[in-house]
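J.: Sequence:
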Amino acid sequence: METEINLNQIQQQEEEGFYASYEEYFLDCCRFNDIEETKFCIENGCDITWFDNQINNGLHWATINNQKEIVSYLIETLKVDANIQNSLGKTAFDEAAQLNYNEIAQILAKVTKEDMSIYQGLDDVQASDENNEDKEETISNS
26 METEINLNQI
36 QQQEEEGFYA
46 SYEEYFLDCC
56 RFNDIEETKF
66 CIENGCDITW
76 FDNQINNGLH
86 WATINNQKEI
96 VSYLIETLKV
106 DANIQNSLGK
116 TAFDEAAQLN
126 YNEIAQILAK
136 VTKEDMSIYQ
146 GLDDVQASDE
156 NNEDKEETIS
166 NS
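Going by this note's numbering, the first residue of the sequence shown is number 26, and it counts up by one from there.
Do not take every clue at face value.
With a straight-line Cα cutoff of 27 Å, these simulated DSSO-like cross-link-like pairs (lysine-lysine) come out [as the list claims (entries may be wrong)]:
id : residue 1 : residue 2
1  : K115      : K93
2  : K104      : K93
3  : K138      : K93
4  : K115      : K138
5  : K104      : K135
6  : K104      : K64
7  : K104      : K115
8  : K138      : K104
9  : K64       : K93
10 : K115      : K64
11 : K93       : K135
12 : K135      : K64
13 : K115      : K135
Label-pair restraints from in silico Cβ distances [stated by the list, open to error]:
id : residue 1 : residue 2 : range
14 : N125      : A45       : 27 to 37 Å
15 : K64       : F43       : 12 to 22 Å
16 : E68       : G114      : 24 to 34 Å
These aren't lab readings, by the way, just hints derived from the structure by calculation. Note that the structure is predicted; figures quoted are calculated from it, not measured. We put the beta carbon where it would ideally sit given N, CA and C, even for glycine.
Could you put together the complete structure from these sequences and hints?
T.: Encoded structure:
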């Protein structure tokens, strides 16, 4: 029943000119951290690689708006390419670093292999990772 309502909402928004496609709606769902509607778009054939006129994809929008749950879902579940650059040449990691969204930067750094120490304000995240690795190494050597 809820899916029917959602589909009707999308159709109404399309008729009113809000969304031309599921892809546009998907970007807004990522932007506003609506995980259920994000999944709904995907279930209805949404192209998750789609981007807007500034070449921002769902991952960019979720990152820019500090939507950790969506970022995790896009990266870990959907395996969205985190290396895509927008029209300004920025990846989602670059956006997270610039905005000091440390938790999101950490998620993205794992898949992009970015060196987080080059970004001011993110040194504490890298130090935390190194301490955790040292603890894991000590435990495995025991």
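J.: If a hint holds in the structure, say so; if it doesn't, say that too.
T.: Evaluated hints:
no., hint, in the structure
1, K115 x K93, "holds, 18 Å"
2, K104 x K93, "holds, 15 Å"
3, K138 x K93, "holds, 18 Å"
4, K115 x K138, "holds, 15 Å"
5, K104 x K135, "holds, 12 Å"
6, K104 x K64, "holds, 14 Å"
7, K104 x K115, "holds, 19 Å"
8, K138 x K104, "holds, 15 Å"
9, K64 x K93, "holds, 15 Å"
10, K115 x K64, "holds, 26 Å"
11, K93 x K135, "holds, 14 Å"
12, K135 x K64, "holds, 23 Å"
13, K115 x K135, "holds, 17 Å"
14, N125 x A45: 27 to 37 Å, "holds, 34 Å"
15, K64 x F43: 12 to 22 Å, "holds, 20 Å"
16, E68 x G114: 24 to 34 Å, "holds, 33 Å"
Every hint from the earlier list agrees with this structure, and none is contradicted.
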